[in-house]
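S.K.: Can you make the complete structure from the sequences, with help from the hints?
Protein sequences, first through last, are from chains U and R. Residue numbers for the first sequence follow the working numbering, beginning at 1 and rising by one. Residue numbers for the second sequence follow the working numbering, beginning at 1 and rising by one.
Quick caveat, the hints were computed from the structure, so don't treat them as lab data. Keep in mind that the hints are not guaranteed to be accurate.
Unchecked claim - Label pairs and their computed distance ranges (CB to CB): (1) Glu278(R) x Val164(U): 29 to 39 Å; (2) Ala244(R) x Leu213(U): 30 to 40 Å; (3) Ser145(U) x Ala244(R): 40 to 50 Å; (4) Pro279(R) x Trp221(U): 57 to 67 Å.
To be verified - Under 10 Å between C-beta atoms, here's a sample of chain U residues computed to sit facing chain R: (5) Thr78; (6) Met142; (7) Ser282; (8) Thr283; (9) Ala301.
The structure presented is a predicted model; accordingly, all values stated were derived computationally and were not measured. Ideal Cβ positions, reconstructed from N, Cα and C, are used throughout, including at glycine.
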Amino acid sequence: METVSVRGALELLDRAGRVEQRVVVGDRPLRIGRAFDNDLIVDDAHVDAHHAEVVVDENGVPTVRDLGSVNGLRKPGTRGRVDTIALDRDGSFSIGGATIRFRTPDYAPAQPLRGGGLRAHPALWAVIALVACLAATAAEAMMGSSEKFNGLQLLNVVLIPLIVILVWAALWSLVGRLLVHHARFLGHVAIVSVGIFVGSALTFVLGLAAFSLSLDTFAGWITSLCAFISMAIVFSGHLRLATRLRARGALVAGVCAALLIAGSFRVTHMVGAQRFSPAPRSTVTLAPPSWRLRSPETTDAFYAKTQTLVDELRDDKPLKTSQK
Amino acid sequence: MLLRSVSERLFAVLAVVFSSHVAAADSGSAQAVFASVKDQVVQVRLIDQAGNAKTALGSGFVVSDDGRIVSNYHVVSGLVNHPERFRAEYLDQNGKTGKLELLDIDVVHDLALLRADGFPAAHFEIRSELPAMGERLYSMGNPYDLGLTIVEGNYNGLLQKSLYERIHFTGSINHGMSGGPSLDTNARVIGVNVASAGNQVSFLVPAKYVTALMERKHDKALDAAQFNATIAQQLTENQQRYVAELLSKDFARTDLGDYSVPGTLADYINCWGRTDSEPRELYRSVSYHCSTDENLFLSDSLSSGSIRYSHVLYSTEALSPLHFFHLMQVMSGSGAHSFGGTEEAMSNFHCDSDFVAHDGQTSKVTFCLRRYQQFDGLYDLFQQSLALRGDRELLVSTLALTGVSAENARAFARKFQESITWKP
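M.R.: Encoded structure:
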């Protein structure tokens, strides 16, 4: 009877770092690729039918070797392709969009996943984020209504954002399915929910701060800042999940996209403020009186300051700005 | 038979009464007045030069033997605001038309003095003294382009609660009659048709302002810049008159909850109160609104010379302080009041906002001004003051003054703010 020497195992990882497939590495060469006749099948459009093979060299070290593939073999976190990579203890490599790692036999595969329990349960994450988001939007609607909310109205303010979130997440899932062959619907739901929640909460908190410090003239900028942060979270998260971008790349791309959109809204708003309006456009923030931190001015000081407005108006021909 | 006899007698009595009434009405009757002056009343038409078609209609009447015609400023304001777009014409009772030239205006009393070359010499006589209460008057003009019309009514005195002097005429003045004369039974002008509140409640500009306008020097027609300077001067003098008077004395106060706030500041300011406490609403509100009833017409989109202010005390028991003030913030942001006007006529509002303390009361005050582009030294003011005291109570006071100098705007706003006090 032939004895098989076990050198370790190859593990194909998903985006979250979880093991999708595992295959034992012995003395026999292992072939990796998209075709069914491989030992480790990688379902990725950027992986060749027979992409690479793992062989054990004369020193007994498993080595992965490129079989002349289109996209080559890479060390994780690098761009340049290499012909071979020696798989020593905890070694890993990338082909296409997939990451594969090598584990020696003494490696304990049952060690807990990073991030603890919640990370292991994306559905729980998604539900928590979604509930927080819907609670925030419902609270915002209720706090801005002068009438008591009945059950139907409450359902209405929850149902519409819920549908929008689910449709949005489904669209990103579709993108992910096309680009990296993974829908990750719950992940997208969690991301958009977190983005909306953070945006709403920040707007509320910074609005209170604007009142406390009498920074009403910056209210427009605060709104734009919150929208930017919210969009940066959403776009970065979606790009990370639905493309091959790594964390830093997704963050940069997400921030750029958010800057572009929030910036264009801000510019549109500022251009709009230059246009004529027959009504005052000043924004007033309000909070309970005890939240006021800034000392009040005397009427002498305040109305002396209004002379500045008169000077601005006299000097400004034709007159343009609407808000100081 | 008996019935026929009674009816014949009744008919005879009625015939006597009716014939005596007609005989009494002959002197100074509508027929007589109309016949005597119909050639001195014209239709005033504003013509759009591009389309060569009428764009506004009013009435006018001849006041001098050199063809001067009086009408309302609001009828011919297009000649001042867009001289390149409009021209004015008259149409007399014989169907004759001719060009009208704008000589002078009085925007405060809504009067315009025009000249028609080659107009017949006959003209109206102006009656300087006011009629007696109840005296019969006739108003003439061209309602709805239906032709010259005479309307009978009565003099009911000068408006008591008005910033601008107006005669209360009980008779129907309709669209198109603006600028026409209102006459006594001797066909003397006692006023100029200017406005109507419907149901035979109409208003006239007293004839003394026609006399004052005619007495001014009019060597030649003014250009647009000169008209603007004239309007600016008239508006400035007008606002100085009433604002200075208001500022010279303490503001009358009224109580609103635990606050003392500016109340009816003058006879010509009309104030109304209202309490809203709907079961569905999460708050109660007690409001007090005041405004002048009239304002000065400057253009189709802009009026001036008005005072408006309001105080609304909001309170709640159902809401937390954070919820209540957030709701107040949303509400205060949704009801921005439009002041009218166009980009050519007005600047945008410039605003400043801060916490302001007076007499132990801290408020959040937003002070906004915008400038009249064509009338130097005149501004519109908007001020909103949010009195911050209780956790479940908010007093929102707003003030809007239109067509005032910057100094008067600032002084009035300050006095208004200092008159909002808390009285525990």
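S.K.: All hints, please: hold or fail.
M.R.: Structure-based check of each hint:
no., hint, in the structure
1, Glu278(R) x Val164(U): 29 to 39 Å, "32 Å, holds"
2, Ala244(R) x Leu213(U): 30 to 40 Å, "38 Å, holds"
3, Ser145(U) x Ala244(R): 40 to 50 Å, "45 Å, holds"
4, Pro279(R) x Trp221(U): 57 to 67 Å, "40 Å, violated"
5, Thr78, "51 Å, violated"
6, Met142, "8 Å, holds"
7, Ser282, "4 Å, holds"
8, Thr283, "6 Å, holds"
9, Ala301, "8 Å, holds"
Violated hints, in rising order: 4, 5; the structure is consistent with all others.
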